[in-house]
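Peer 1: Below are the chains, spelled out letter by letter.
Protein chains: 2
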Amino acid sequence: MFKKEVENWFKGLQNEICAALEEEDGKGKFKSDIWERAEGGGGDSRVIEEGNIIEKGGVNFSAVHGPTPQKILEALKLKKADFFATGVSIVLHPRSPMVPIIHMNVRYFEMSTGVSWFGGGIDLTPHYIVEDDARYFHQQLKAVCDKHHSGYYPKFKQWADDYFFIKHRNETRGIGGIFFDRLSENEDFTLRQRFEFVKDVGRKFAPIYRHYMQKNQSLPFAKEHLDWQRLRRGRYVEFNLVWDKGTKFGLDTNGRTESILMSMPPEANWVYNYQPKEGSPEKQTLDLLKKGIDWV
Amino acid sequence: MFKKEVENWFKGLQNEICAALEEEDGKGKFKSDIWERAEGGGGDSRVIEEGNIIEKGGVNFSAVHGPTPQKILEALKLKKADFFATGVSIVLHPRSPMVPIIHMNVRYFEMSTGVSWFGGGIDLTPHYIVEDDARYFHQQLKAVCDKHHSGYYPKFKQWADDYFFIKHRNETRGIGGIFFDRLSENEDFTLRQRFEFVKDVGRKFAPIYRHYMQKNQSLPFAKEHLDWQRLRRGRYVEFNLVWDKGTKFGLDTNGRTESILMSMPPEANWVYNYQPKEGSPEKQTLDLLKKGIDWV
Numbered sequence: 001m002f003k004k005e006v007e008n009w010f011k012g013l014q015n016e017i018c019a020a021l022e023e024e025d026g027k028g029k030f031k032s033d034i035w036e037r038a039e040g041g042g043g044d045s046r047v048i049e050e051g052n053i054i055e056k057g058g059v060n061f062s063a064v065h066g067p068t069p070q071k072i073l074e075a076l077k078l079k080k081a082d083f084f085a086t087g088v089s090i091v092l093h094p095r096s097p098m099v100p101i102i103h104m105n106v107r108y109f110e111m112s113t114g115v116s117w118f119g120g121g122i123d124l125t126p127h128y129i130v131e132d133d134a135r136y137f138h139q140q141l142k143a144v145c146d147k148h149h150s151g152y153y154p155k156f157k158q159w160a161d162d163y164f165f166i167k168h169r170n171e172t173r174g175i176g177g178i179f180f181d182r183l184s185e186n187e188d189f190t191l192r193q194r195f196e197f198v199k200d201v202g203r204k205f206a207p208i209y210r211h212y213m214q215k216n217q218s219l220p221f222a223k224e225h226l227d228w229q230r231l232r233r234g235r236y237v238e239f240n241l242v243w244d245k246g247t248k249f250g251l252d253t254n255g256r257t258e259s260i261l262m263s264m265p266p267e268a269n270w271v272y273n274y275q276p277k278e279g280s281p282e283k284q285t286l287d288l289l290k291k292g293i294d295w296v
Numbered sequence: 001m002f003k004k005e006v007e008n009w010f011k012g013l014q015n016e017i018c019a020a021l022e023e024e025d026g027k028g029k030f031k032s033d034i035w036e037r038a039e040g041g042g043g044d045s046r047v048i049e050e051g052n053i054i055e056k057g058g059v060n061f062s063a064v065h066g067p068t069p070q071k072i073l074e075a076l077k078l079k080k081a082d083f084f085a086t087g088v089s090i091v092l093h094p095r096s097p098m099v100p101i102i103h104m105n106v107r108y109f110e111m112s113t114g115v116s117w118f119g120g121g122i123d124l125t126p127h128y129i130v131e132d133d134a135r136y137f138h139q140q141l142k143a144v145c146d147k148h149h150s151g152y153y154p155k156f157k158q159w160a161d162d163y164f165f166i167k168h169r170n171e172t173r174g175i176g177g178i179f180f181d182r183l184s185e186n187e188d189f190t191l192r193q194r195f196e197f198v199k200d201v202g203r204k205f206a207p208i209y210r211h212y213m214q215k216n217q218s219l220p221f222a223k224e225h226l227d228w229q230r231l232r233r234g235r236y237v238e239f240n241l242v243w244d245k246g247t248k249f250g251l252d253t254n255g256r257t258e259s260i261l262m263s264m265p266p267e268a269n270w271v272y273n274y275q276p277k278e279g280s281p282e283k284q285t286l287d288l289l290k291k292g293i294d295w296v
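Protein chains in written order, with this note's numbering: chain A, 1 to 296; chain B, 1 to 296.
Calculated from the structure, these hints are not laboratory results. Computed from a predicted structure; not experimentally measured. All the pointers check out, no bait thrown in.
The list treats identical chains as one, so a pair stands whether inside a single copy or across any two.
Here are the simulated DSS-like cross-link-like pairs (lysine-lysine), alpha carbons at most 27 Å apart as the crow flies:
(1) K71 - K167
(2) K248 - K77
(3) K167 - K248
(4) K31 - K283
(5) K167 - K80
Chain A extracted, bound-state conformation (with noise of 0.2 Å):
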């Protein structure tokens, strides 16, 4: 069956990137937090706190199927259906402001009624953007994209330009990435083509975030440094409490609040009206939080 094939295939990337973490950050290790829920399914929470690297983050793989949620129902402008998803999750806060916080999700989504989808995306969050940083990033997922159609790139790097973005600050969350929803099989696509492709984005993460664990995690900061990266997260937990869809959606309907929050840095903070120096670190880089800039 399709949808136990992508099933286990998320339980497997779940495995492959928690080991290829706990490797490269040489001190912290996942536990696991392994969860009912009571209409259906479940989950396999992974969590680290305390690493050499990573300070706080989570792995989450679920799947989950019941009756679909009222919202759900509404926005596919159904009556009564049945829905299976199955997804992974991660965001990751590593401890030195020079690594930057990351961010994958890869989902699948089936209906009774017979629809069925992919979505997803990957986005980076420096707490300093720094321009050859950003373009590495870029340019592998765009590697990605462009081995399964050149389409895929300028318009899921745009999608996540506009998801990634904390409107009520007119900043975006980071340098954005890719992000994409509702691929389904059409004229263009198989279901299991578009599989291959999330597939392909999924096992690009670890890989990714390992190339900037090893390259910036030894460069020097001070306590300035800290205070920024501290700032730059309470943006994190605005964008995800005020503006992710996906959390909203699972604080509404009821879903597993800790796994939901897992996203949520150890340590935020808020200054009233901080304005960072003219051509500070900071400043280059809140510069830099705009949408529309071609990195690669």
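Given chain A, work out where chain B should sit, using these hints.
Peer 2: Just chain B now, kept in the frame of chain A:
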């Protein structure tokens, strides 16, 4: 003009409260940040940081007007109207985990169609709930309410329980207080009587909070209490960004972000699935974060 009278009274209240808090704090001074709203009106955000007792807080006044934002028109089932809104909003985050977080809002709203009303509330969020302190708070609020109508306190207390509720945690934000909205002229009250009630609520804020500042600021605390305070502040962030209608409305309608988010704590932490030990003061507090407790 009634609305000008209300606006001026609120402006005076802001001054009084800032002066009282500075006197009690002994070190922190409010900085005034005066802003204008492109569509009409503006405000004065007064922010205090790094006080003796108050670590971060704001006492905001605003008086705005213009064409009614689409979202309000929809809620009021109106096609087109101008609006006027004025109010004072306060959130104070104390340095000591033994001093509670406090919030107050008093507001007046008037539509060009003729309808007008008062709204507001005060609620207290102790990091550690002490029953005597909770009783004192509710007694003070009950006294203010009872002076105006015997039905006010029971109704507004329950309204606060329902409003200041973190649904995805199944916890109240704190010990509640009073919350009220749409207090307009009717067969029982004139608009001026409603105003007198709101004035009494506003006047009560400074004495109530000074009581806790005096009584609790010198209580001893250790790192474990600060850790818990940081977690509770995380819950405060969750409530304000996910559930607070005023915050959501402000961020949705292009309100002044820094004034809206002055409610954010200076530092908030998240730990995955933190469970306080049975019998600990943290667990006792958690057990009291529920609706329907009769504190009086």
